[in-house]
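Colleague: Here's the letter readout for the chains.
2 protein chains.
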Amino acid sequence: MSVTVVGSIAYDRVRTPFGERERMLGGAATHFALAASFFDEVRLVGPVGDDFADLDVLRTRGSNVDDVEHVVGGETFFWHGEYGWDLNSRDTLETRLGVFESFDPKLSDASKAADTLFLANIQPDVQRAVREQSRASFVAMDSMNLWIEIARDSLVATISMVDCVILNDAELRQLTEKPNLISAAREVLAMGPSVVVAKQGEYGAALITGDEFFSLPAYPLETVVDPTGAGDTFAGGFVGWLAGHPGDYRAAMAYGTALASYNVEEFGTERVQRLTREEIEDRVQHLGAMTRLTISA
Amino acid sequence: MSVTVVGSIAYDRVRTPFGERERMLGGAATHFALAASFFDEVRLVGPVGDDFADLDVLRTRGSNVDDVEHVVGGETFFWHGEYGWDLNSRDTLETRLGVFESFDPKLSDASKAADTLFLANIQPDVQRAVREQSRASFVAMDSMNLWIEIARDSLVATISMVDCVILNDAELRQLTEKPNLISAAREVLAMGPSVVVAKQGEYGAALITGDEFFSLPAYPLETVVDPTGAGDTFAGGFVGWLAGHPGDYRAAMAYGTALASYNVEEFGTERVQRLTREEIEDRVQHLGAMTRLTISA
Chain A
145 MSVTVVGSIA YDRVRTPFGE RERMLGGAAT HFALAASFFD EVRLVGPVGD DFADLDVLRT
205 RGSNVDDVEH VVGGETFFWH GEYGWDLNSR DTLETRLGVF ESFDPKLSDA SKAADTLFLA
265 NIQPDVQRAV REQSRASFVA MDSMNLWIEI ARDSLVATIS MVDCVILNDA ELRQLTEKPN
325 LISAAREVLA MGPSVVVAKQ GEYGAALITG DEFFSLPAYP LETVVDPTGA GDTFAGGFVG
385 WLAGHPGDYR AAMAYGTALA SYNVEEFGTE RVQRLTREEI EDRVQHLGAM TRLTISA
Chain B
145 MSVTVVGSIA YDRVRTPFGE RERMLGGAAT HFALAASFFD EVRLVGPVGD DFADLDVLRT
205 RGSNVDDVEH VVGGETFFWH GEYGWDLNSR DTLETRLGVF ESFDPKLSDA SKAADTLFLA
265 NIQPDVQRAV REQSRASFVA MDSMNLWIEI ARDSLVATIS MVDCVILNDA ELRQLTEKPN
325 LISAAREVLA MGPSVVVAKQ GEYGAALITG DEFFSLPAYP LETVVDPTGA GDTFAGGFVG
385 WLAGHPGDYR AAMAYGTALA SYNVEEFGTE RVQRLTREEI EDRVQHLGAM TRLTISA
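Those sequence lines, one after another, are chains A and B. Take the position in the first sequence, starting the count at 1, then add 144; the result is the number in our numbering. Take the position in the second sequence, starting the count at 1, then add 144; the result is the number in our numbering.
Hints listed in this document are in silico derivations from the structure and should not be mistaken for laboratory results. Computed from a predicted structure; not experimentally measured. Certain hints may be false.
To spell it out: a stretch of chain A is covered by chain B in this simulated footprint if at least three of its residues, at any positions, have a beta carbon under 8 Å from a beta carbon of chain B; those stretches are [claimed, not checked]:
| id | stretch |
| --- | --- |
| 1 | 319 to 326 |
| 2 | 331 to 338 |
One-sided and incomplete, this derived list gives chain A residues near chain B with beta-carbon spacing under 7 Å [to be verified]:
| id | residue |
| --- | --- |
| 3 | Y347 |
| 4 | F358 |
| 5 | P390 |
| 6 | Y393 |
| 7 | R427 |
| 8 | V428 |
| 9 | T435 |
| 10 | I439 |
We put the beta carbon where it would ideally sit given N, CA and C, even for glycine.
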């Protein structure tokens with residue numbers, strides 16, 4: 145069993161109310177892999193430039209980087225952003241796509257053969273091309289407002305070919321033009337997937353299937369330092385857990401939530417790089433305790 | 145045992161994306177009483193004008209209206225508002241305080257003697273005056289952004305005299321100037337109360353005590369018609385349940401959540417007026433099932 149993730153590997157320049165980093169490792173595939181690698185072998189597929197110097201970090205917990213493509217003469221994807229005082233809003237100050245601009249992923253046989261595939265946020269045509277190469281039995285995907293705005297038809301075509309869609313709740317509303325979360329999720333389910341996960345930032349996440357609604361709060365933290373990568377870290381925990389426990393969605397939500405909570409406590413990948421499985425289990429158990437609701441009749 | 149609620153009794157003119165009502169019964173004390181009356185005897189304290197014609201509705205499920213004061217020559221509090229497409233924003237188009245402007249509550253002996261007191265959103269000086277008259281062993285309160293802005297010191301003085309504060313999460317942040325919910329709640333606990341409830345609208349509600357964090361999603365609904373009174377209905381279910389089950393906060397959160405979910409399915413008090421205890425229990429049990437998280441080690 146293994147998990148293939150296709151997406152960005154990046155350097156981020158980030159300022160939050162709690163500090164800044166001039167250049168830290170980032171990217172959706174990076175955050176996903178660091179989280180999912182707790183549960184399964186992960187294979188990263190994505191391009192990097194001449195400036196990339198963190199292959200060892202991508203290899204954390206045994207992740208396979210054979211399909212990380214070094215584009216000679218190119219620059220690694222770069223993102224520069226700033227967060228507002230409550231960390232709920234952020235401004236992108238600069239994006240340099242670099243090698244990501246002409247990314248045309250070719251999966252190796254080993255990456256094609258993984259049971260599980262995660263399509264991180266990329267142009268939906270590219271996601272679909274990857275999905276068509278893969279023989280995975282479970283495929284999950286992310287996307288973003290940009291693609292809803294400029295490539296909606298392609299995005300819907302891609303959604304129709306996956307099992308699980310993981311989006312922010314605002315993106316679900318935008319995609320379906322339905323303000324009600326349940327209605328929006330039902331519309332996405334009708335496109336083909338069997339599971340929709342609505343990420344709700346500080347409020348947690350909700351999971352909707354044909355016959356189930358499940359909601360889990362974010363892990364309560366007094367100190368949130370940098371939300372960058374929280375969504376991809378959540379996805380890594382969620383999809384990584386499911387790879388070994390098909391259909392165990394509620395536990396997967398808890399693992400995703402626990403991983404994301406560690407991710408935001410420090411900048412970039414700093415915390416999750418040195419995280420232990422025991423620390424994850426602590427928070428998963430605590431999530432179980434803090435949501436326990438027993439009603440005596 | 146009984147619950148006294150002091151607050152507004154009103155007529156509301158409301159437009160939502162799903163319809164409108166020219167004049168419907170509303171007000172914080174009204175919504176609270178209709179919800180709390182499922183669990184205990186409720187005594188309403190609040191003023192009405194010559195135009196008030198719904199005493200019978202206030203009496204639903206046996207609520208006592210002896211302290212509903214008819215101010216001769218006055219007009220009942222009137223609010224006119226409109227909700228945006230996703231129901232998360234609303235504009236107040238007109239407010240006529242009417243008899244509420246000079247409201248100087250005098251509690252009867254029976255209202256003073258109630259074990260439980262809810263101070264609905266009123267000027268905090270008035271809340272404090274009521275609290276000083278009451279012999280309740282458990283006092284909960286609501287407030288709003290206006291008082292945080294123009295009467296913060298008085299509000300903090302009132303908070304220091306109650307056991308439980310129920311506010312929107314945005315109000316908690318505004319009151320404490322702390323963007324982090326946990327930090328904000330801790331600061332309110334340090335003012336004196338032992339319980340803080342953060343209402344989070346469509347995301348549900350969180351409860352914070354000195355040693356506990358509990359979070360419950362809103363009951364998932366595809367059809368939300370009118371959110372007016374949802375917060376006070378939640379408070380009625382929450383405080384009403386606690387009146388008979390002191391310290392049983394998690395179940396109280398579930399009852400508050402279930403009541404609020406029915407409230408928003410129709411305009412104003414329409415749904416909760418004819419609600420049954422069985423219908424409440426259905427949703428409370430469902431909330432238990434939909435939040436159940438069992439992690440195998």
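Colleague: Does each hint hold? Answer for all of them.
Modeller: Structure-based check of all given hints:
Given as covered by chain B, the stretch 319 to 326 of chain A passes the check, having 4 residues with a CB less than 8 Å from a CB of that chain where 3 are the minimum. Only when three residues or more bring their CB closer than 8 Å to a CB of chain B does the claim for the stretch 331 to 338 of chain A stand; here the count is 0, and the claim is violated. Annotation: interface hint on A:Y347 holds; nearest CB of chain B at approximately 4 Å, less than 7 Å. Against a cut-off of 7 Å between C-beta atoms, the interface hint on A:F358 holds, since the closest Cβ of chain B lies about 6 Å away.
Taken as an interface hint, A:P390 does not check out: its beta carbon lies about 14 Å from the nearest beta carbon of chain B, beyond 7 Å. Taking 7 Å as the C-beta cut-off, the interface hint given for A:Y393 is violated, the closest approach to chain B being about 11 Å. Nearest Cβ of chain B to the Cβ of A:R427: about 11 Å, over the 7 Å cut. The hint is violated. For A:V428, the interface hint holds, since its Cβ comes within 7 Å of a Cβ in chain B; the closest pair sits about 6 Å apart.
Hint on A:T435 holds. Least Cβ distance to chain B is approximately 5 Å, under the 7 Å limit. The restraint placing A:I439 at the interface with chain B holds, with a minimum CB-CB distance near 5 Å, inside the 7 Å limit.
Hints 2, 5, 6, 7 from the list above are not met by this structure, while the remaining hints are.
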